[in-house]
Amino acid sequence: APLTRALVPTQGQHLALTMGTENHTTLAQLIYARDFASTLLDGPTWQLIGHWEASLSNWWADKAQRTEQQGWMLGLTPVLQYQFKTVLRPYIEFGIGVKYLSDMRIADQYKSTQFQFGDLTGIGIQYRNLQLGFRFLHISNAGIETPNPATNYYTLKMDYRF
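The numbering of the sequence shown is the numbering used here, which starts it at 1 and goes up by one.
No lab work stands behind these hints, which were simulated from the structure alone.
From a predicted model like this one, the values you see are computed outputs, not experimental measurements.
Think of the CB as a built atom: it goes at the ideal place given N, C-alpha and C, for glycine as much as any other residue.
Take the hints with a grain of salt, since some may be wrong.
Using C-beta positions, here's what the derived DEER-type ranges look like [claimed, not checked]:
{"#": "1", "residue 1": "F136", "residue 2": "F84", "range": "18 to 24 Å"}
{"#": "2", "residue 1": "S112", "residue 2": "L132", "range": "32 to 38 Å"}
{"#": "3", "residue 1": "Q70", "residue 2": "S112", "range": "16 to 22 Å"}
{"#": "4", "residue 1": "F136", "residue 2": "W60", "range": "16 to 22 Å"}
The whole structure should be built from the sequences, with the hints applied where relevant.
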């Protein structure tokens, strides 16, 4: 029950923007996040915290691509963040969530399902209410149907907590 209560969103909110690339496409994401109700683990110099992310993403292909030129993704992801308790707070983060694609193609990749999983890992630093970081985002359907080509984005993230 304590873990279940910890996963409930609280008043801690943030807005984030990410932007990055994958071979021949660019991704821009707007993220709204709500912190978990409590710290999951608390050490003397570190803590494990988390939040829920709802994301709206737009991707677009390079002009050289002759296939689907742009599309949208909706996502919901729980994210865990291991953070140090210092003035400048370095962190690592990871999450696995769900994505819904507006089309079964991302540029020249046919995905076979509009339902996808989005796995993310990231590093960054937090100072007061601002986080700056780097994220790797992997999108695939985990083998639910084939073909299942993965799309991997390397993004920069700016997150403001309010």
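Practice item. Just tell me: holds or violated, for the beta carbon distance of F136 and F84 against 18 to 24 Å? Key: 21 Å, holds
Q) Would you say the C-beta atoms of Q70 and S112 sit inside 16 to 22 Å of each other? A) 20 Å, holds
Assuming the hint says 16 to 22 Å, is it satisfied by the Cβ distance from F136 to W60 or not? 20 Å, holds
For the pair S112 and L132, does the Cβ-Cβ distance stay inside 32 to 38 Å?
With Cβ atoms ~36 Å apart, the hint holds.
Hint violations for this structure: none, all hints satisfied.
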